[in-house]
Amino acid sequence: MTKLFYKKSTSILVIAAILVLVLLALILLVTLMQMSSLSQRAEKLAELIAKAQEDEANLQELIDYLETDDYVRKWAEENNRIKGDDIIWLEEKIPSNSDN
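Using our numbering, you'd call the opening residue of the sequence shown number -5 and step up by one each time.
Calculated directly from the structure, the hints in this document are not laboratory data. Be careful, since some hints might not be right.
Stated by the list, open to error - Simulated pairs of lysine to aspartate or glutamate, EDC-like, Cα-Cα distance not exceeding 20 Å: (1) LYS77 to ASP63; (2) LYS38 to ASP49; (3) LYS45 to GLU55; (4) LYS68 to GLU50; (5) LYS38 to GLU48; (6) LYS68 to ASP58; (7) LYS38 to GLU50; (8) LYS77 to ASP64.
Said to hold, decoys possible - Derived Cβ-Cβ restraints for the label pairs, each shown as a range: (9) MET29 to LEU53: 30 to 38 Å; (10) LEU39 to SER3: 49 to 57 Å; (11) ASP64 to LYS38: 38 to 46 Å; (12) ARG75 to ASN52: 22 to 30 Å; (13) ILE76 to ALA44: 40 to 48 Å; (14) TRP69 to ARG35: 54 to 62 Å.
Beta carbons are placed, not taken as given, at the ideal position from N, Cα and C, and that holds for glycine.
Work out the full structure: start from the sequences and follow the hints.
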């Protein structure tokens, strides 16, 4: 071992090689940690996307329901715009779309 370091250039090369190996090991360790963190983030984002798509579907169902006559009737009754008797009269006097 002592013969290895007789020359200053050899000892500098050995120390530089060790430092490079340590640096590469640290870079590999940091990269693996970041990959783990990124994969967790990707899973969370996938869950959020799935929830957003589900919420969008639920919102579309609500929008479709709000456009129905049934909703309008319920809203009008709850807000005292019309009475239950008025609805019966309307159904008798005005033909619905299904009768056409």
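| Violated hints, by number in ascending order, as checked against the structure | 4, 14
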